Every structure is written in C-alpha cells, then in structure tokens.
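Q: Residue-level listing of the chains:
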Amino acid sequence: MFVSILRRFVTIIPTLIGVIIVTFLLTRVLPGDPAVYFAGPAATPESIADIRKSLGLDQPLPVQFLHYVDDLAHGNLGNSLATGQPVVNELISRLPASAELTLFGLIISVLIAIPLGILAAVKQGSWIDHTCRVVATAGVSLPVFFTGLLLVYVFYFLLGWAPAPLGRLDVFFTAPPQVTGFYLIDSLTAGDFQTFRASLSQLILPGATLAIFSIAPIARMTRASMLAVLASDYVRTARASGLSPYTVIITYAFRNAVLPVITTLGMVFSFLLGANVLVEKVFAWPGIGSFAVEALIASDFAPVQGFVLTMAVLYVMLNLLIDISYGIIDPRVRLEA
Amino acid sequence: MTDIAATTRPATGLAALIRHARYVIGENPVTGLAFALFILILIAALIGPWIVPHDPLASDTAAALKPPSAGHWFGTDQLGRDIFSRVVVATQLDFTIAIASVVLVFLMGGLAGVAAGYFGGWTDRIVGRIADTIMAFPLFVLAMGIVAALGNTVQNIVLATAIINFPLYVRVARAEANVRREAGFVEAARLSGNSEWRIVTLQILPNVFPILVVQMSLTMGYAILNAAGLSFIGLGVRPPTPEWGIMVAEGAANIISGEWWIAFFPGVALMVAVFCFNLLGDGLRDIVDPRRRT
Amino acid sequence: MNVAPALSVEGLSVEFRTRSGIVRALDNVSFAIAKGETMALVGESGSGKSVTAYAVLGILDPAARVTGGKAMFGGLDLLSAKPGQLADVRGREIAMIFQNPRTALNPIRPVGRQIADVLIRHGNVPGREAPAQAIEMLRAVGITDPARRAKAYPFEMSGGMCQRVMIAIALAAKPSLLIADEPTTGLDVTTQAVIMDLISDLASELGMATIFITHDLALAGQRAARIVVMHAGHVVESAPTRELFARPRHPYTAELIAATPDSAASLDDLASIPGSLPDLRRTDLPPCRYSERCPRKLDACGRPLPQTDTSAHHVACWNPLPMSAS
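Chains as they are written, first to last, in this note's numbering: chain A, 1 to 337; chain B, 338 to 631; chain C, 632 to 957.
Among these hints, one or two may not hold up.
Said to hold, decoys possible - Mimicking DSBU-like on lysine-lysine, the simulated pairs with C-alpha atoms at most 35 Å apart in a straight line are: (1) C/K713 - A/K123; (2) A/K123 - C/K928; (3) C/K782 - C/K805; (4) C/K701 - C/K713; (5) C/K713 - C/K805; (6) A/K123 - C/K701.
To be verified - One side only, chain B facing chain A, incomplete, derived with CB under 8 Å: (7) F474; (8) L476; (9) V478; (10) I483; (11) A486; (12) P547; (13) V550; (14) A600.
No wet-lab data here; the hints were simulated from the structure.
For clarity, every value in this text was computed on a predicted model and none was experimentally measured.
Virtual Cβ for every residue (Gly too), placed ideally from N, Cα, C.
Take these sequences, add in the hints, and give me the full structure.
A: Put into structure tokens, the structure is as follows:
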C-alpha cells in the first residue's frame with residue numbers, strides 16, 4: 001500500500017512543476033516593465049534599477065526561471081512593499097486564520113449536506129427531496145459575498161445575535177497562546193472558555209457563508225450517489241435478508257455512496273478556496289485571502305504571486321490527500337494496487 | 338413525438354428542433370420562466386441605458402443614502418446616484434462580459450478539444466497538459482492572478498474567465514470529437530479531399546456545438562459570478578462604472594449601518610441572472626439531449 | 632394436500648407505473664408450495680416470475696403496487712404485513728438468492744462480515760461469535776480455506792464462489808423457504824451443476840422448501856418435484872414434473888416442451904412459438920393473455936379464466952389439450 005501512496009506522490013510532481021511555471025509566467029507577462037511593478041508606485045529610477053538587478057530581470061527568461069525556482073527552494077517569495085517584510089512570513093502567520101475558517105465552514109457544510117442528501121434519496125419525492133433540490137439550485141446561484149452581506153445584515157444589524165464582522169476576535173479579547181494557530185483549539189488547550197466562546201461567535205457568520213456555498217454540490221452528489229446505490233443489486237440482497245433499515249441505509253448503502261462524494265470534495269475545495277478570499281473581505285478576516293486583496297489594491301505584486309502559488313500548492317496537496325483517502329477506503333483500489 | 342435532429346448529421350432538421358424546443362418549454366413551466374427571464378435580461382442589456390429614469394453616473398449628494406421610494410425605486414447610494422438606474426445599466430456590462438467569456442471559451446476550448454480528440458498524439462498530450470495545469474489551481478484564485486498580472490481591465494476579466502473554463506470545454510469537445518472521428522460524414526469529407534482542418538472546423542465543431550451550448554448557458558451564470566467576484570475585490574471594473582459586483586462592494590460597508598439597499602439590489606440582480614442561466618441550461622439540456630437529464 | 636403449505640400465494644396481482652403507462656405485470660397469480668418441497672417457476676423473460684418472488688418478499692421496486700391477493704406464510708399475509716413483521720420474516724424464514732452473484736454482494740464489505748450481519752440480525756448470535764459461525768457457513772457451502780476467504784471481497788472471488796457466498800448468506804438463519812432466482816445464469820456449465828447440487832443438498836439437509844425461478848425448462852425438469860408455468864403474468868399450468876412432461880395440458884406448455892429438444896437448450900432459444908408476448912400496458916388485454924397467439928383459441932376464450940382449483944394438476948385454459956395427448 002505504501003508503494004501506491006508513494007506512486008501518487010510522484011504523480012503530483014509534474015503538476016507542481018506546471019504550477020510553478022504558471023506563477024512564474026504570471027509575473028513576467030505584466031504589461032510593461034516588471035521591475036516597475038515590483039519596485040512600487042513610489043520608486044525612484046535607482047530603486048527600479050536595483051530591483052531589476054536583484055530579481056535578475058535583465059537576464060534571459062530561462063535564467064530568470066532558474067533564479068525563481070532557486071528562490072522558492074529557499075522559501076523566498078519576495079518582500080511586501082507595504083510592510084517591507086518577507087511575503088512568506090506574512091503567509092505563514094496568516095494561514096491558520098484562513099485554514100480555521102475554511103475547515104469550520106466545510107465541517108458545517110458536510111454535517112448538513114450529507115444527511116440532507118441521504119434523506120432526499122431515501123424519501124424520494126418528499127418535501128425533503130424538493131428542499132434538497134431547491135437548496136442545490138439556489139446554492140449554485142448565490143454569489144458568496146452577497147450571502148455573507150445578507151447574513152451580516154440580518155443577524156448582526158437586524159437581530160443583534162451575531163457580533164460585528166470585524167475579524168477573528170472582538171477588541172476586548174486577546175488571542176490565546178499559539179499552539180496551532182486555530183483560536184478554537186488554542187483557547188481550549190489554554191482552558192480559556194471566554195475566548196473560546198468569543199472566537200466561535202466570530203466564526204459563525206463567515207463559516208455559515210462558506211457552508212451555504214458548499215452545501216449545494218455535496219448534497220447533490222450525495223443524493224445522486226445514494227439513489228444509484230439504493231437501486232443496486234446488493235442493497236436488494238441486504239433488504240431481502242431482512243437487515244435493519246439502519247444497516248441497509250448506512251452500512252450497505254451509504255458507505256458505498258460516499259465514495260463519489262469524496263472525489264467531489266476535490267471540486268468543492270476549488271470553490272471553497274476561491275470563496276475564502278471573498279468571505280475574508282466581507283468579514284475583515286485576517287487570512288491570506290485578505291492579505292492578497294489588500295496587496296492587489298496597493299499594486300503590491302509579490303504578495304499576490306506568493307498567494308496564488310501557496311493556494312495552488314495547498315490545493316494540489318488537498319487533492320492528493322483526497323486521492324489517498326479514497327484509495328484507503330475503497331478496498332477495490334487498495335487491493336488492486 | 339418527433340425525434341430530435343440526430344446530432345451526427347450537420348444542421349438538418351432545424352424545424353424539428355424548433356418544434357421540440359417549443360414542446361419542452363411548454364411542458365416545463367420553469368424552463369418557460371427561464372426563457373422569459375432571459376428575454377427580459379436581454380432587453381435590459383440592449384436598451385437599458387435609454388430607458389432608465391436617472392443618469393446612472395449623476396451624483397446628487399443632497400439625496401445620498403435615501404431608502405427605496407417612489408422617486409428612487411431602489412434608493413440612492415453614498416453619492417446620491419439612483420441605484421435602480423445603475424442596476425439596469427449594469428446589465429449591459431455584465432451581460433457583455435458573460436457573453437464574451439463564453440464565446441471566447443467556446444472557440445478556444447472547443448477548437449482545442451476537438452483538435453485533441455481528432456488528431457490525438459502530441460496535440461492531445463499538449464492540450465491535456467495545459468488543461469491539467471489550469472485545473473491544478475483553485476479557479477477563482479487563478480483568475481485573480483491572471484487579472485492582476487495582465488492588468489486591471491474588463492478585457493482581462495473576460496480572458497481570465499475563459500481560461501479558467503477552458504479545461505471543461507476541452508474535455509467535452511474532445512470526447513465528442515473522439516466519437517465522431519470515424520463517423521460516416523467525416524469519412525465522406527475526407528474522401529472528397531477536404532483538408533483535416535476544414536473537417537475539424539466545418540464538420541465536427543458544428544456538431545459539437547449543441548452539447549456545448551448547454552454548458553455555455555451554465556458558464557454564462559458562472560462568468561457573471563466570477564466577474565462580480567473579481568470586481569468585488571477591486572479587480573477589473575473601476576468606479577464609477579456601474580457593474581453589479583462593484584456595486585455590492587460599494588454597498589458592503591453600509592450594511593453595518595443598516596443601509597441595506599445599496600448592496601441588496603445589485604446582489605439580487607446577480608442572483609436572478611445566474612439563476613436564469615442555470616435554469617436555461619437545464620432546459621436546453623432537455624431540448625438537446627433528454628437522456629442526459631440528472 | 633392435507634398439511635398446510637409452507638407458502639400459499641392466492642390471486643396476486645401487481646402493477647408498475649411507468650412513463651409509458653401502467654404495466655399489469657401480474658394478474659391473479661396463485662400457487663402453493665408444501666414444506667420441504669422443491670418447486671420450479673418457469674417462464675420466458677418478462678413472464679413475471681421474478682416479480683412474483685419480489686412481491687412475496689416485499690422488495691418490489693417503488694414504482695410497483697400490489698393490487699390484490701394474499702401470500703400466506705405461517706398464518707401471516709406477507710402482502711399486508713407491517714414492515715417490522717416483514718423484516719423479521721425476510722432472511723429468517725424466507726430467503727432469496729439472485730442471479731449475477733457478484734453484483735448482488737456488497738463490493739466493499741468482506742464476505743464473512745456479510746454473512747455475520749445476517750447471523751447477528753436473525754440468528755440470535757452474539758456479535759463475538761458471529762465471525763466464527765460465518766466461517767462455518769462458508770465451509771458448509773463448500774468454500775475451501777474458509778477462514779481466509781471470510782476476509783476476502785467479492786471482486787477477489789469467482790462467480791461460482793460468489794454464488795456460494797450468497798447461498799451462505801441466505802441459509803445463515805436456516806430459513807424454511809428458499810427462493811432461488813436464476814441462480815446459475817452467468818456461471819459456466821460445470822459450476823452450474825455444482826451449485827444446483829449444493830442447493831439441493833442443503834435443502835434436503837435443512838428440510839427447506841425451495842422455489843427455483845428459471846427460464847430453463849430442462850433444468851426445472853431435473854431438479855423440481857413440481858413445475859408452475861407462467862406466461863405474461865399469468866400462471867397457465869401447474870403440475871408434478873413427470874405429469875407435466877408426460878401430459879402437458881396448456882397449449883403454451885406443450886409448445887415449450889416441444890421446443891426443448893434436449894436437456895441443454897433453454898427456452899430463450901426457441902423461435903417456434905408463434906407470436907410474442909402481449910404488451911402488458913394495453914388496457915384491452917384479453918382475460919387469457921396467450922389467446923392471441925394460441926392455435927387452439929375458441930370464442931369461449933374471451934371469458935375470464937377458470938379459477939384455481941386445488942387439484943394437483945391445474946391448468947388455466949378453456950380448451951386444454953386432452954388428457955391422453957402426449
């Protein structure tokens with residue numbers, strides 16, 4: 001089995017190479033002189049020339065590329081114009097915020113979408129089935145930033161239930177001592193329940209926004225997959241053997257139906273990582289998405305490039321993880337290897 | 338019931354297709370609604386700027402931040418501009434962006450996919466590699482990168498949207514081209530001396546079009562969301578141009594102080610447009626190939 | 632019969648709602664099987680044999696509706712039983728095995744666990760002991776090295792072994808009635824014989840009644856004590872095997888036998904029966920669904936068919952072949 005996992009690791013190498021090439025090209029197709037972009041709007045001709053030299057922009061393209069790869073290997077993603085700090089440091093310090101938000105949203109989404117999909121399939125034609133269908137179509141049409149704003153308006157402004165959308169923690173609280181960077185986990189390990197509650201309340205609206213966005217594809221896939229499995233020969237055998245409804249629906253049907261849902265998660269992550277950027281802007285969430293958006297507005301290019309590269313690598317890794325999990329769960333793949 | 342024009346023969350049976358289309362629209366009221374909505378959006382896009390009550394760019398600070406009223410159906414924004422007029426006028430821009438993106442990706446992806454499926458070999462490998470590399474990125478993030486790199490213009494939004502949808506069209510077109518590669522009419526064209534490229538563009542591509550049309554309608558919805566999302570974070574469209582995404586961004590800060598109408602109406606317009614195109618796509622799928630109904 | 636039958640199906644009628652109309656799949660189907668008896672349900676594809684079994688077991692498609700009849704089993708009418716009662720009967724008292732054994736088994740669950748599931752559910756076997764008993768069941772159906780095989784998945788086994796596993800699952804709770812729906816379709820000829828022998832042996836060991844559903848009249852002749860012939864959702868004739876072959880009374884049965892020249896042929900190969908199955912969606916179906924292709928048709932055949940009688944040799948026909956015909 002380890003050989004197959006190793007083999008999967010090897011297959012992502014060409015993908016990663018492609019990603020690196022694309023992010024390199026993105027900076028070199030800037031209209032005009034890239035050095036001007038990297039030097040910033042307030043640069044003098046000398047600093048522009050300096051940048052050009054230090055980035056090797058006067059070299060031929062292949063040499064530039066090698067230079068770029070060398071930088072990457074040393075964890076050098078350039079410096080942010082605004083702060084003067086290395087981009088990679090900013091990304092690392094902001095990554096947990098984005099990760100916590102995305103995972104929180106995904107967990108809520110899965111907890112709602114999968115039971116919804118199962119029930120819609122088991123009770124085909126009922127009101128649950130129609131609700132599932134409406135949710136699926138609506139979820140695909142709603143712009144995620146609009147959903148976020150609507151939630152803020154209803155739950156913060158009108159009802160006052162949610163706190164102001166001003167980031168991860170209310171001003172009166174301080175962040176818990178860093179263990180994982182996830183405030184929910186860190187506050188629990190520090191035994192600080194106040195901070196835990198505060199972090200959770202800040203997470204709910206942006207998390208719900210992301211969840212609403214991703215419920216649709218997961219519920220739709222679960223429903224379709226369950227319907228196919230419920231009509232299968234082996235479910236018929238399970239029913240004919242008089243097994244309990246729970247055993248038939250969960251142990252026999254769902255475990256088989258979940259396999260295509262896992263592969264769908266790859267596509268869901270693509271949407272989620274993109275939606276993350278928009279949600280972070282709406283809720284002033286200090287993650288890597290808002291880092292990139294702020295840099296964009298300031299025409300600060302290195303952070304944007306670093307952001308795109310980081311997100312792509314993350315996405316490739318997530319897909320690999322999904323692939324490996326699938327291989328472990330499905331015995332047909334596991335044993336064939 | 339009349340058969341749909343078999344998709345293996347180029348462009349015959351158009352009358353039968355129209356008859357079947359009318360049948361499908363009549364049978365499913367939701368599809369009919371989607372078509373009606375589409376016509377409405379089209380009208381707004383075409384003549385919107387001429388029929389709106391106020392100048393979308395005219396600011397009137399005295400009348401700023403007014404809620405919806407008889408004079409201003411959707412209220413006014415921070416600069417006193419009439420939101421209703423802006424929303425209607427924005428239809429043209431968003432619609433144009435969507436159509437342009439979709440046409441571009443059909444040409445790029447359709448042609449590349451058909452070539453890959455028809456010629457195979459290195460063409461197939463290279464096109465496949467490109468598509469895979471694009472799909473290695475979270476799509477919206479890639480769009481951000483492309484627009485940031487190429488420059489902050491509407492044309493680049495169109496290009497970025499086309500690029501991120503490229504792999505999907507390649508896949509569909511390639512599969513269809515593979516199927517039709519050995520078809521009778523292709524053989525006939527080959528035997529009568531047509532060059533390979535003529536066959537690809539004149540015989541295969543038109544046959545692939547019906548299947549891609551369904552995808553194109555869905556992509557329209559996605560293209561609008563994509564453009565709006567990019568505008569929301571400051572890429573592409575610049576103020577004071579009215580565009581739904583940027584209008585939502587302009588109204589975002591006011592939500593907290595309760596002035597909901599600034600962001601609400603453009604957001605609803607987005608929703609309605611995307612919903613319409615999605616339903617349209619489903620309806621088109623029923624017309625083109627009911628077997629593929631999900 | 633003096634003793635109460637194991638299963639008695641009376642007047643079973645089933646319809647299917649489809650896009651192109653209502654299919655009257657079964658009409659007034661009746662038959663009975665005695666305890667420990669081996670019976671065969673024979674007919675062409677589309678004659679309704681599997682539908683009958685599914686209806687009895689309550690595992691019909693959601694689009695199907697039972698529109699009449701009873702299926703008496705141990706004093707309980709299965710067709711009107713509550714879901715809880717039915718789930719207790721299924722697997723424990725009545726079991727079924729299906730064709731295409733590989734797709735009929737859960738592809739991602741070890742076969743030993745699938746047997747254990749039934750043991751735990753019906754066999755009053757505590758969870759700890761179920762795996763060991765599952766291994767015993769595998770041994771009983773003739774699988775070598777059962778302890779290792781119990782951990783295997785269906786895709787790692789041959790078609791014949793999968794069918795043995797299905798038999799193990801079906802017999803785990805020692806039911807009193809086994810329904811075998813074309814158990815040998817898809818298996819090679821040698822395996823077919825082996826599987827049929829296995830079923831017969833286990834049936835006599837457990838004193839279990841068996842219904843074989845098959846399109847193969849020759850197979851039915853070899854294995855069953857009694858044969859029930861179905862055509863287009865009707866039971867047309869029912870008789871002890873030797874009697875049926877010696878003195879077939881329904882014209883359809885006679886055609887079937889005549890078209891089975893040797894024991895290797897199956898009914899699907901015949902080209903000699905004139906006409907074809909009527910479209911069961913028609914609202915103007917004649918009471919005898921064979922009449923439109925029957926060479927012995929009379930005007931009287933427009934009447935509703937004669938009711939089931941309790942005689943050992945029943946035929947649903949107004950103009951049956953005379954008793955002395957051969």
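Q: Would you mind marking each hint as holding or not holding in the structure?
A: Results of checking the hints against the structure:
The straight-line distance between the Cα atoms of C/K713 and A/K123 is roughly 18 Å, inside the 35 Å bound, and the hint therefore holds. A hinted pair counts as satisfied when its Cα atoms are at most 35 Å apart, and A/K123 with C/K928 does not qualify at roughly 47 Å. A threshold of 35 Å between alpha carbons decides the hint, and for C/K782 with C/K805 the separation of about 23 Å falls inside it, so the pair holds. Using a Cα cut-off of 35 Å, the hinted pair C/K701 and C/K713 holds, with the two alpha carbons roughly 14 Å apart.
Distance hint between C/K713 and C/K805 is fulfilled; the C-alpha atoms sit about 23 Å from each other, no more than 35 Å. Between A/K123 and C/K701, the direct Cα distance comes to roughly 27 Å. Compliance with the 35 Å bound is thereby established for this hinted pair. Of the supplied interface hints, the one on B/F474 holds, with its beta-carbon coming within about 5 Å of a beta-carbon of chain A, less than 8 Å. Of the supplied interface hints, the one on B/L476 holds, with its beta-carbon coming within about 6 Å of a beta-carbon of chain A, less than 8 Å.
Annotation: interface hint on B/V478 holds; nearest CB of chain A at approximately 5 Å, less than 8 Å. With 8 Å as the threshold, the beta carbon of B/I483 comes within range of chain A, its nearest partner Cβ sitting at about 7 Å, so the hint holds. A hinted interface residue such as B/A486 counts as satisfied when its beta carbon comes closer than 8 Å to some beta carbon of chain A; here the least separation is about 4 Å, so the hint holds. A distance limit of 8 Å between C-beta atoms decides the matter here; for B/P547 the minimum to chain A is near 23 Å, and the interface restraint is violated.
Checking B/V550 against chain A: minimum C-beta separation of about 19 Å lies over 8 Å; hint violated. Given hint, B/A600 at the interface with chain A, holds; its Cβ is 5 Å from that chain's nearest Cβ, closer than 8 Å.
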